[in-house]
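Take these sequences, add in the hints, and give me the full structure.
Keeping their order, the protein sequence lines are chains A and B.
First residue of the first sequence? That's 3 in my numbering, and the numbers climb one at a time after it.
First residue of the second sequence? That's 10 in my numbering, and the numbers climb one at a time after it.
Derived lysine to any residue pairs resembling SDA-like cross-links, with alpha carbons at most 20 Å apart: (1) A:K326 / B:Y74; (2) A:K46 / A:S432; (3) A:K5 / B:Y74; (4) A:K15 / B:E82.
No wet-lab data here; the hints were simulated from the structure.
Spelled out, the chains give:
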Amino acid sequence: MNKIRYERPVIKKLETGMPNKFGTRTEYEPMTHIDGNSVSNLVKEYGSPLFVLSETTIRNTIKKARKAFETRYPKVQFAWSYKTNYLNAVCNIFHQEGSWAEVVSGFEYDKAINLGVDGRKIIFNGPDKSEADLTKAINNDSLIHIDHLDELYSISELSEKLKNRPRVAIRVNMDTGVYPMWDRFGFNYENGQAWDALNKIMQSGKMELVGLHCHIGTFMLSPFAYGIAASKLAELALAVELKFKHEIKYIDMGGGFASKNTLKGSFLPGSDTNPSFDDFAEAISSALVNSNFKKDKLPLLILETGRALIDEAGYLLGSVISNKRSSTGRRNTILDIGVNILFTAFWYDHKITPAQSFTQYTEDTCLYGPLCMNIDVIRESTNLPLLNKGEHVVIHNVGAYNMTQWMQFITLRPNVVLIDVNEKPHLIRSKESLENMNSMEHMPGHLANFTR
Amino acid sequence: MKLQKNVAVSEAGLLFNPVTGESFSVNPIGVEVLNLIRADKSPEQISNAILEKYSTDQVTFEQDYNDFVSILEHHNLLDRHEETKA
Chain A
3 MNKIRYERPV IKKLETGMPN KFGTRTEYEP MTHIDGNSVS NLVKEYGSPL FVLSETTIRN
63 TIKKARKAFE TRYPKVQFAW SYKTNYLNAV CNIFHQEGSW AEVVSGFEYD KAINLGVDGR
123 KIIFNGPDKS EADLTKAINN DSLIHIDHLD ELYSISELSE KLKNRPRVAI RVNMDTGVYP
183 MWDRFGFNYE NGQAWDALNK IMQSGKMELV GLHCHIGTFM LSPFAYGIAA SKLAELALAV
243 ELKFKHEIKY IDMGGGFASK NTLKGSFLPG SDTNPSFDDF AEAISSALVN SNFKKDKLPL
303 LILETGRALI DEAGYLLGSV ISNKRSSTGR RNTILDIGVN ILFTAFWYDH KITPAQSFTQ
363 YTEDTCLYGP LCMNIDVIRE STNLPLLNKG EHVVIHNVGA YNMTQWMQFI TLRPNVVLID
423 VNEKPHLIRS KESLENMNSM EHMPGHLANF TR
Chain B
10 MKLQKNVAVS EAGLLFNPVT GESFSVNPIG VEVLNLIRAD KSPEQISNAI LEKYSTDQVT
70 FEQDYNDFVS ILEHHNLLDR HEETKA
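What follows is the structure, given as structure tokens:
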């Protein structure tokens with residue numbers, strides 16, 4: 003005789019008119035499949051926890067973003083933000099879709115070169131570029147975005163040494179009406195630092211000033227701030243043209259577009275409230291076309307958005323280790339997913355869906371990870387269907403930053419699987435092993451032995 | 010262990026405590042457990058009845074049963090007086 007699916011007995015007090023800090027129930031359907039692949043089969047084959055990326059979603063998202071900008075502005079170029087997710091397979095999807103590479107370190111630069119990206123299509127950002135990094139970038143004719151005066155002088159010296167004319171832009175920080183104002187990177191617009199740096203570049207004659215760059219913040223919820231930033235960069239570009247008769251080839255608006263995740267403390271879900279690509283495109287394109295650029299002299303618009311292009315394509319599958327109750331009677335569920343692999347749990351209330359059928363009964367639940375650390379909390383409070391030990395959950399919108407900022411801590415980082423457009427899964431990063439970890443360690447001879 | 014005498018449990022899973030005026034929702038397996046408690050079944054008998062019908066194991070159910078009973082106690086739905094008399 004087939005037995006009925008077990009669900010633990012629950013009793014829940016009915017209260018009316020009381021605000022519930024756990025929120026209302028949000029999950030009505032289990033997520034049993036991702037792009038045609040059963041979650042339970044994926045876990046069976048590749049283990050739990052498991053990162054799953056959808057190639058279809060990545061390609062659809064970049065197409066949607068390009069369409070939003072290309073229908074509003076004549077010259078648009080996306081550059082894939084490596085720091086958001088630099089798994090080789092992911093980078094190559096974006097490169098196949100026409101994106102350049104945007105890197106912020108020598109490691110990322112080498113990664114892009116190793117993948118075969120044309121050096122002229124690599125944008126090199128960030129405050130820490132070593133002399134060796136800069137030499138490589140200059141020799142490859144990459145686009146170097148200068149962050150500070152020390153770097154400007156280093157490039158100036160290197161250009162003489164290498165007998166080359168590096169293609170450069172400066173990063174500009176500015177007040178766009180949002181808080182906090184990101185002023186730690188680049189040169190400030192309002193106090194004249196940016197204009198000073200541009201003059202130094204132009205007067206030196208050793209570098210080719212090709213662009214202006216800004217990156218006004220992260221998880222930006224106001225598209226209007228981008229409009230202000232674009233206007234200010236346009237003014238700078240036009241001032242350079244006026245003073246030096248020199249044309250700025252591109253304006254790089256950086257990244258920072260919000261994805262559909264829900265920031266902690268938000269009242270409404272991000273999927274309902276966060277701006278779309280169209281909103282950002284409208285603000286930026288309008289500012290540029292309404293500026294004083296001549297019709298045939300509009301600069302190329304570069305976008306380095308990362309998070310909004312990859313977040314929704316990423317899922318993290320996990321399993322329930324145990325259910326228990328806190329001293330105050332709250333339901334606690336322990337998952338095998340820790341904050342070491344889900345760094346974004348510190349910022350977002352991630353959407354979490356059971357991967358198997360469930361009834362309408364729910365419990366206010368706190369989801370913990372498996373780390374022996376008090377900070378290991380995946381969701382402080384969520385209204386979840388009843389989960390049994392060993393059952394699976396799907397955490398949504400985890401494609402950005404988790405696979406670059408993850409930490410190896412007390413356990414090993416898991417497999418990453420990409421499901422291609424034909425719904426075939428591919429292992430694109432193997433889970434770590436003890437051998438991997440030990441291979442980087444060295445034992446001094448006098449510590450090699452001890453009495454057993 | 011007994012439920013408070015006046016506590017009413019509907020088949021649909023609505024539990025009403027007339028002493029406090031509080032209402033609760035109970036899932037179907039919870040209703041079954043409440044009915045077994047009300048029928049004076051021992052924890053072992055309750056466990057056997059559930060294991061026969063549902064796809065779970067003894068350890069899991071016993072843990073969930075104890076948790077369920079602790080919540081009943083928390084909401085004063087068990088008759089402590091009856092237990093003391095026994």
